[in-house]
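**Student:** Sequence:
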Amino acid sequence: MEEIGKTFIPVSGDHLYEFGPFRLDASAPLLLRCGDIVPLPPKALDVLVVLVDKRGTLVSRGELVSAVWPDTFVEESNLGHHISLLRKTLGNVDNGQPYIETISKRGYRFTGPVRQAAADLQFPNGDERSECKPDAKRERDSAKHQDRAQPSRDGPPVPVLHPLIEAAPPELSVISSDGRATVPSIPSNVATQTHGSPLRWGVTGVLLGAVLASASGWLVLRNRAVAPTVAQFTVSLPPGEVLVTPGHASAAVLSPDGTRLVYAASRGGQSQLYLRSFGELEAKPIPETRGAMSPFFSPDGQWVGFWQAFKLKKIALAGGEPVTICDSGAFWGASWGSDDNILFVRKIEAIESVPASGGDPKIVAAVNRRKGEFRFRWPELLPGGDAMLFTVGKDSIESSDDNIVVQSLKTGERRVLIEGGMGGAHYSPSGHLVYGRAGALFAAPFDLKRLAITGAAVSVKQGVLVSPITGAVHFDLSSDGSLAYVPGAGLGNKRLPVWVDRDGNAQPLPLPLRAYSHPRISPDGWQVAMEVESPAHNLFTYDLAR
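Under the numbering used here, think of the first position of the sequence shown as 1, with each following residue one higher.
These are computed hints drawn from the structure, not numbers from a lab. This structure is a prediction, so every number in the text was calculated from the model and none was measured. Honestly, I wouldn't trust all of these hints.
[To be verified] Here are the simulated BS3-like cross-link-like pairs (lysine-lysine), alpha carbons at most 30 Å apart as the crow flies:
(1) K54 - K105
(2) K43 - K347
(3) K410 - K362
(4) K371 - K394
(5) K410 - K311
(6) K105 - K449
(7) K347 - K394
(8) K362 - K43
Required output: the full structure, derived from the provided sequences and hints.
**Tutor:** The structure is reproduced here in structure tokens:
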């Protein structure tokens, strides 16, 4: 159990390094920035450990692959992906040079100055190094909060903890392709494709259940220089509605043609599916869908499937009663194929297929415990219907350990495409796989015929909501390349616990904003235990008399 304000993390002295604002425990491995854990896939951490250990010297690609993936065949693009991720995470040294330097056609070198830390060093949240010093205003604000929030020892306190959630503007932002607004430019290192459609991003999202944002043309990957114009408009969600963001599937989905959005919203604790056509001014509730969540579209866009009352169902958007497809005690994503069969996960041990008209599901893929597979989630049929993408979780509590895989539905052959990919992947008509990691979306070039990643992935969107428990990333991609996403923090909503005395006076505790939940008071009334939401479910304690 960790203590808020004094987070102690065990380290091994001979393998503890400091560089810039970072501390690396090579034995864990674990990377921290100013005392906060930096979420990185395990293999990326392994690559970093090798480079830091051999800092200042050239490490060949072959040497890195042998050290990180011993006795395993790995495509060179996989290593390149992890190097790219590390570069984005670490940034540059003070002199502007990247921490990781590429030596053309030879390998990589860690260039930053590295200090080896003492064997008994502990990592406090308040890192004392100059790179991590808070400004004077933050120090003054913290002192004010501490003076107000500290209870008296005259008698046991009567604590009440309320979350203060950072408010979001109650509006929906939509970026369209009629030239009324501008959007971020294309990253210079994104390779163009010689085949396929442009990767046109339509961005739709909801921030803390209050904001929806949508776009067509957010990012363009195309084989000619002229990019289309784009625009943005906004609409407001009805007062009192919050987006339902379950941990088992995306909260909002786009129709295949990118013209309509279906999402689940809650009013008074009761969820309901809503349909928003972008040619209309407001969303409309879909009848007979109270209690429903996790929608998904049929290939023709005329039906919506969903999970309701432990059953997989569908309903025609033109009207009519919901139709039960099959029982589904749980639900971890679905994909509706052009052959009118639905791939879905109701038990994490298998992916099943069921006719959209109803029937008995049949298993099409099952976990292989001998290979370390623990759970399957978030299937998606690839164009042509001969292969599917899905996420394989290892026997680990960390969703960052998940892999995105592809499996042939003809031969049953399955192989890993992306290590450390979270929340499922979607195929873009540009010839890319789009997937989430640590609150960001990445795009990796993908050969649909070979079913293989053909180059390094690039980050294309930051600030996408991730379920802190399951790692589900709330985004969806339509067949025309439009993207729907839910803006938010990478590891859940940040809150500030509040102390309320017997007279009803509320004061926030002097703590950093985090995804606190499930507060519990000690029997003597002087300590609070809380979970900080993350895949690891870390527990913290706070001394109220401090």
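**Student:** Check the hint pairing K54 with K105 against an upper bound of 30 Å on the C-alpha distance.
**Tutor:** Holds. K54 to K105 sits at ~19 Å (cutoff 30 Å).
**Student:** Does the structure keep K347 and K394 at a Cα separation of 30 Å or less?
**Tutor:** Within the cut-off at roughly 15 Å; holds.
**Student:** For the pair supplied as a hint, K410 and K311, is the alpha-carbon distance within the 30 Å limit?
**Tutor:** 28 Å, holds
**Student:** Given the hint that K410 pairs with K362, does the C-alpha gap stay at or below 30 Å?
**Tutor:** The hint holds at about 15 Å.
**Student:** Between the alpha carbons of K362 and K43, is the straight-line distance 30 Å or under?
**Tutor:** Status violated; Cα separation ~35 Å.
**Student:** With a cut-off of 30 Å on the C-alpha distance, tell me whether K371 and K394 pass.
**Tutor:** The given pair, whose Cα atoms are some 9 Å apart, holds under the 30 Å limit.
**Student:** Sort out whether K347 lies within 30 Å of K43, counting only the CA atoms.
**Tutor:** Status holds; Cα separation ~28 Å.
**Student:** Taking 30 Å as the top limit, are the C-alpha atoms of K105 and K449 close enough?
**Tutor:** 28 Å, holds
Of the numbered hints listed earlier, the single one contradicted by the structure is hint 8.
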